[in-house]
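In the numbering used here, the protein residues as written are 1 to 66.
None of these hints come from the bench; they were simulated from the model.
All figures in this text were calculated on a predicted structure; none of them were measured in a lab.
Check each hint, because a few of them may be wrong.
[Claimed, not checked] Taking lysine-lysine and the BS3-like style, the derived pairs with C-alpha atoms no more than 25 Å apart in a straight line are: (1) Lys65 <-> Lys39; (2) Lys15 <-> Lys65; (3) Lys15 <-> Lys31; (4) Lys4 <-> Lys15.
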Amino acid sequence: MTDKRKLEIAMASLKYVMRRQGGVHLTSQTKRELGNAAKETGIPAEELLEFFRPLVQEMVDEVFKK
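Using the sequences and the hints, build the whole thing.
This is how it looks when you write it as C-alpha cells:
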C-alpha cells in the first residue's frame, strides 16, 4: 500500500470518527485541547491547527451545502 493511499484512508477514517462523535464542537476549551494534543503527540500546535482547519471547514461546508 502506498503512503498516499494510507493518507487517504487515515483522512477518511478521521472524518468518519468525527462525524460519528457529533461533528466538531468549538468551545472556549478548544484552544486548550489543541495545546494538550500538541504536548501529548509532540506535534506543534501550529501544525495541528494547519492540519485541522481545512478539515473542520470541509465538515462545516458539508453541513451547510446547498
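25 Å Cα cutoff - pair Lys15, Lys31: holds, 20 Å
Is Lys15 within 25 Å of Lys65, Cα to Cα? holds, 17 Å
Check whether the Cα positions of Lys4 and Lys15 lie no farther apart than 25 Å.
Satisfied, since the Cα-Cα distance of roughly 17 Å is no more than 25 Å.
* Given the hinted pair Lys65 and Lys39, is their alpha-carbon gap at most 25 Å? -> At roughly 35 Å apart (the allowed maximum being 25 Å), Lys39 and Lys65 break the hint.
Checked against the numbered hints above, the structure breaks only hint 1 and satisfies the rest.
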